[in-house]
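One line per chain: the protein sequences are A and Z, in this order.
The letter at position 61 of the first sequence is residue 62 when you use this note's numbering, and the numbering goes up by one with no holes.
The letter at position 84 of the second sequence is residue 183 when you use this note's numbering, and the numbering goes up by one with no holes.
Watch out, some of these pointers could steer you wrong.
Calculated pairs, DSSO-like style, for lysine-lysine (alpha carbon to alpha carbon, straight line, at most 30 Å) [to be verified]:
1) A:115 <-> Z:363
2) A:48 <-> Z:177
3) A:88 <-> Z:365
4) A:8 <-> Z:266
5) A:70 <-> A:212
6) Z:365 <-> A:160
7) A:70 <-> Z:177
8) A:28 <-> A:55
9) A:70 <-> A:176
10) A:48 <-> Z:363
11) A:158 <-> A:190
12) A:28 <-> A:114
13) A:66 <-> A:115
14) A:70 <-> A:190
15) Z:266 <-> A:70
16) Z:311 <-> Z:363
17) A:116 <-> Z:266
18) A:70 <-> A:205
Simulated coverage check for chain A against chain Z, where a stretch passes if three residues somewhere in it have a Cβ under 8 Å from a Cβ of chain Z [what the hints assert, rightly or not]:
19) 2–13
20) 92–99
21) 110–117
Rather than coming from a laboratory, the hints here were simulated on the basis of the structure.
Just so you know, these numbers come straight off a predicted model, no measurement behind them.
The beta-carbon is built from N, C-alpha and C at its ideal position, and this holds for glycine as well.
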Amino acid sequence: MNAIDVKDLSFGYTAEQVLSHIDLSIKEGEFVCISGGNGSGKSTLLKLILGELKPESGSVEIFEKEVSKISSFNDLGYVPQVNVVNKISFPVTCKELVSLAMYEDFGLIKIPKKKHYQKAIEQLNEMGLREYIETPFNELSGGLQQRTMICRAMINKPKILILDEPTAGVDLESKESLFELLSSLNKDKDVTIVLVTHELEAIKDKSLITKHYRLEEGSLELC
Amino acid sequence: MLEFDFMRRTLAVSLMLSIAVPLIGIIMVNRRTAMVGDALSHTSLAGVGLGLILGFDPILGAIAICIVAAFSIESIRKYFPQFGDMATAVTMSAGLGFAVILSDIAPGGSSFETYLFGSISSVTSFDVISTAVVFVLVLASSIIFYGGLLDIVIDGNLARLSGVNVKLVNGLFTLLAAVTIALACKVVGALLVASLIVLPVATSLIVSRSYKQAFLLSVLLGVIYTMLGVSFSYYFDIRPGGAIVANAVIGMLLFLLFKAVRKKLKPSSARQIS
């Protein structure tokens, strides 16, 4: 079964099209990279895959279900761009941040309960963030912030993990550690990885990439 | 001061508002939309003017105008996201413009002034009941949607993917924020409501190490600043809005001093972790 199926997708914010007749099939367990320069439409494509934007024409399916008809996104983990992460300037601990991804399980009163915090702590431990459980997220370095966001994205054990420019503004050591983590999630836990990046050279072990697409002038090419 | 009916009413309304306003404020400040509160409180004056001219309770006019203004800001922001806080500025200018015209026509200049700077003697039984209803709704929504509101503050798209009904939670928050701000104008004053939205939250953010701490401390500080402010207003015959803001500013300075001293004693407490 395909994890993600994009068929004949076109989209434009104005009359000019940002994406034109895009086709993209990602199978379960694949590690797919989508690269492209600034303004090539990478983030727009992700927004369409995540259902944040509605396509002008064509369709996006996740596990054979039209994205606009999906009621629960627990099968899909998402790590946003660094500019989203940087907006978190107020004190919210890593434990609080990660537990929020279990919102659907909170019950009628949407406050994280003890079991949600416990699960968040376990996940943070597993990702090597034991000492930052109670640390305010905004006090962490870029690399640790991205790791925490991956931890949040993985809390519901999704089958797909989508990352939007996760290495932007992150030091070299953290980048390497990030790709090691993604590789282990892909190989050991069979998580389908969709990585949108313009820093493909940061991936040392290119063998972990199953497919590499390049987005240019609204068209997607398999490299 | 409790021997007077009007003071009992004022204290009851003040206590409820001192809890409800920081609950609204913590979302607005962390979403970086605190100036929306300022715009709404100023715009509410147009509703006060309408009420005074047409002969209905000015607070009802303030509530109606605040709701229209709040949803107008949200709509303009949605359609023109590239213009940042333009929506807030446009709505505030329009509201204030009308308020100034209406204040010239409205009978009884002192009534209008009451809503500008706040008053402890004008709170009616109707104000107590309407504030109680809104207080219960704000408190209940803040607890029921605690996780959803926090997640929307972090990022609306992440919240949607986590299962938050972003449209519903945002809509409810906008409605309750508008009504609460309009109600607060009578005691705190339209010119100073924004201070009660921002200052307790800003103070709590100085020392808090988690969102839960910031949430609880904002409310506690809101209660302390407001109740002390209203009491000072009674004993020293000064405007309650000014007294509340003065307390809040002094409180914030004390917290900043505390943080500076703590940082000096424990320099590692303010580092960035890598």
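Would you mind confirming whether the straight-line C-alpha gap from residue 48 of chain A to residue 363 of chain Z stays at or under 30 Å? Violated. Residue 48 of chain A to residue 363 of chain Z sits at ~46 Å, over the 30 Å cutoff.
So if I understand the rule, the pair passes when the alpha-carbon distance is 30 Å or less; does residue 70 of chain A with residue 205 of chain A pass? violated, 38 Å
Quickly compare the C-alpha distance for residue 115 of chain A and residue 363 of chain Z to 30 Å and report which way the hint goes. Violated. Residue 115 of chain A to residue 363 of chain Z sits at ~35 Å, over the 30 Å cutoff.
Per-stretch coverage check for the segment 2–13 of chain A, three Cβ contacts closer than 8 Å to chain Z: Check failed, 0 qualifying residues.
Proposed proximity, residue 160 of chain A with residue 365 of chain Z (alpha carbon, max 30 Å): Violated, at roughly 44 Å.
Would you check the hint for residue 70 of chain A and residue 176 of chain A, treating anything up to 30 Å between C-alpha atoms as holding? violated, 35 Å
Assertion that chain Z covers the segment 110–117 of chain A - criterion: three or more residues, beta-carbon distance below 8 Å: Satisfied; 4 residues make the cut.
CA of residue 70 of chain A to CA of residue 177 of chain Z, is that 30 Å or under? holds, 23 Å
Verify the proposed pairing of residue 70 of chain A with residue 212 of chain A, using a straight-line Cα cut of 30 Å. Cα-Cα ~27 Å, so holds.
Under the criterion that the straight-line Cα-Cα distance not exceed 30 Å, is the pair residue 28 of chain A, residue 114 of chain A satisfied? The hint is violated at about 36 Å.
Hinted pair, alpha-carbon criterion (30 Å max): residue 28 of chain A, residue 55 of chain A. Please report holds or violated. At roughly 23 Å apart (the allowed maximum being 30 Å), residue 55 of chain A and residue 28 of chain A satisfy the hint.
Proposed proximity, residue 190 of chain A with residue 158 of chain A (alpha carbon, max 30 Å): Holds, at about 9 Å.
Hint violations for this structure: numbers 1, 6, 9, 10, 12, 13, 18 and 19, all remaining hints satisfied.
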